[in-house]
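Novice: All chains, full assembly: derive it from the sequences and hints.
Protein chains: 2
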Amino acid sequence: MKQGKVFVISGPSGVGKGTVCRLLMEKYPFLAGTTVSVTTRSPRPGEVDGVHYYFRSEEAFDEMVKQGLFLETVDKFTYRYGTLFSEVERILAEGKNVILEIEMKGGKNVKARIPEAVLIFILPPSLEALTERIVGRGSETEEEIRRRQSEVEEEFDQADGYEYFVVNDVLEDAVEKVKSIILAEGMKDSLASVKKNYFGRN
Amino acid sequence: MKQGKVFVISGPSGVGKGTVCRLLMEKYPFLAGTTVSVTTRSPRPGEVDGVHYYFRSEEAFDEMVKQGLFLETVDKFTYRYGTLFSEVERILAEGKNVILEIEMKGGKNVKARIPEAVLIFILPPSLEALTERIVGRGSETEEEIRRRQSEVEEEFDQADGYEYFVVNDVLEDAVEKVKSIILAEGMKDSLASVKKNYFGRN
Numbered sequence: 001m002k003q004g005k006v007f008v009i010s011g012p013s014g015v016g017k018g019t020v021c022r023l024l025m026e027k028y029p030f031l032a033g034t035t036v037s038v039t040t041r042s043p044r045p046g047e048v049d050g051v052h053y054y055f056r057s058e059e060a061f062d063e064m065v066k067q068g069l070f071l072e073t074v075d076k077f078t079y080r081y082g083t084l085f086s087e088v089e090r091i092l093a094e095g096k097n098v099i100l101e102i103e104m105k106g107g108k109n110v111k112a113r114i115p116e117a118v119l120i121f122i123l124p125p126s127l128e129a130l131t132e133r134i135v136g137r138g139s140e141t142e143e144e145i146r147r148r149q150s151e152v153e154e155e156f157d158q159a160d161g162y163e164y165f166v167v168n169d170v171l172e173d174a175v176e177k178v179k180s181i182i183l184a185e186g187m188k189d190s191l192a193s194v195k196k197n198y199f200g201r202n
Numbered sequence: 001m002k003q004g005k006v007f008v009i010s011g012p013s014g015v016g017k018g019t020v021c022r023l024l025m026e027k028y029p030f031l032a033g034t035t036v037s038v039t040t041r042s043p044r045p046g047e048v049d050g051v052h053y054y055f056r057s058e059e060a061f062d063e064m065v066k067q068g069l070f071l072e073t074v075d076k077f078t079y080r081y082g083t084l085f086s087e088v089e090r091i092l093a094e095g096k097n098v099i100l101e102i103e104m105k106g107g108k109n110v111k112a113r114i115p116e117a118v119l120i121f122i123l124p125p126s127l128e129a130l131t132e133r134i135v136g137r138g139s140e141t142e143e144e145i146r147r148r149q150s151e152v153e154e155e156f157d158q159a160d161g162y163e164y165f166v167v168n169d170v171l172e173d174a175v176e177k178v179k180s181i182i183l184a185e186g187m188k189d190s191l192a193s194v195k196k197n198y199f200g201r202n
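Those protein sequences? They're chains A and B, same order as listed. The opening position of the first sequence corresponds to residue 1 in this note's numbering, with each subsequent residue numbered one higher. The opening position of the second sequence corresponds to residue 1 in this note's numbering, with each subsequent residue numbered one higher.
Calculated from the structure, these hints are not laboratory results.
Keeping only pairs whose Cα atoms sit at most 25 angstroms apart, straight-line, the calculated SDA-like set for lysine to any residue is:
| hint | chain 1 | residue 1 | chain 2 | residue 2 |
| --- | --- | --- | --- | --- |
| 1 | A | K188 | B | M25 |
| 2 | A | K2 | B | L183 |
| 3 | B | K105 | A | N197 |
| 4 | B | K27 | A | D173 |
Specialist: So, in structure tokens, the structure goes:
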């Protein structure tokens with residue numbers, strides 16, 4: 001069985017990468033498997049440990065961080081969330097892809113540990129469009145807008161090593177574009193492995 | 001303007017690569033520009049030199065071969081046809097892709113002269129399916145079938161350097177897969193060029 005691939009989806013804040021990822025998985029669930037995350041929050045009614053999340057204490061979470069088990073951790077409010085390397089490996093071994101929505105700094109970490117990971121950068125249609133989306137229209141001073149634009153530029157600087165650049169102009173189009181990348185990457189192969197498939201040897 | 005890319009589509013005889021290419025361009029004409037080929041046959045009524053073909057004499061064609069102007073030439077019946085490098089460059093410079101259906105040997109020649117060319121190999125669903133498609137069902141001896149299969153294997157051996165492998169199981173699916181590859185390749189970019197677009201410098 002062919003192994004799956006890891007796709008990292010990143011982009012500057014406010015570009016809509018979360019929405020692209022969510023819509024992509026809603027529309028094309030066959031494109032990737034789902035990793036179960038670790039969290040320090042308590043289970044809600046109906047949530048099962050190991051299915052919806054791995055529910056762990058703060059101390060256990062810290063220990064897992066120390067052991068380098070996480071691909072990425074994020075803090076939301078007072079809780080911590082983490083994606084385990086072992087989860088990613090489990091999905092890949094099932095022949096499924098893994099799609100990770102990750103901050104740009106995190107993307108490079110993934111690439112360092114999983115060199116075959118494919119890094120996708122979601123772009124705003126224009127710098128102005130992104131700034132407007134974040135600061136609102138007309139509610140900020142010019143100085144604030146300029147400060148925000150230079151922050152965006154710094155975020156772009158972190159995208160070194162990203163291979164694909166997808167403009168999120170129309171949301172549905174952006175979803176189709178990311179889908180194309182995932183499908184195309186799945187058709188990359190070596191002649192040796194293809195021949196083995198057809199002729200039983202390479 | 002971003003330059004287009006060259007896509008070479010090849011595959012063993014009988015795999016249906018011609019049909020895939022034709023359907024792809026019928027359904028998605030925006031994916032690529034059209035090169036005008038050189039031919040030694042005479043114009044049919046309504047055909048215009050430089051629009052439908054460049055109509056040239058045998059001698060002129062031979063001279064163009066000598067000068068190395070062709071990416072590929074093929075002989076059909078008593079006539080010769082050729083794809084000019086200059087035509088490919090003209091389309092690329094317009095920011096459009098070029099799709100070339102080319103024999104496997106030819107694909108490597110293209111890659112040698114245009115290193116950025118993307119080579120796509122169309123695969124049969126199985127070795128048996130391909131052999132059946134070519135020799136017909138039950139009309140050939142086992143020996144003939146075995147000979148044909150070993151020919152196919154030789155054709156596969158020429159696919160070294162091909163990056164994408166597309167199984168032509170259901171024709172419409174194969175067309176969508178090739179479309180995905182072309183779209184995905186169009187989203188590959190360098191951070192430097194992306195930043196130049198957004199910030200006017202890299």
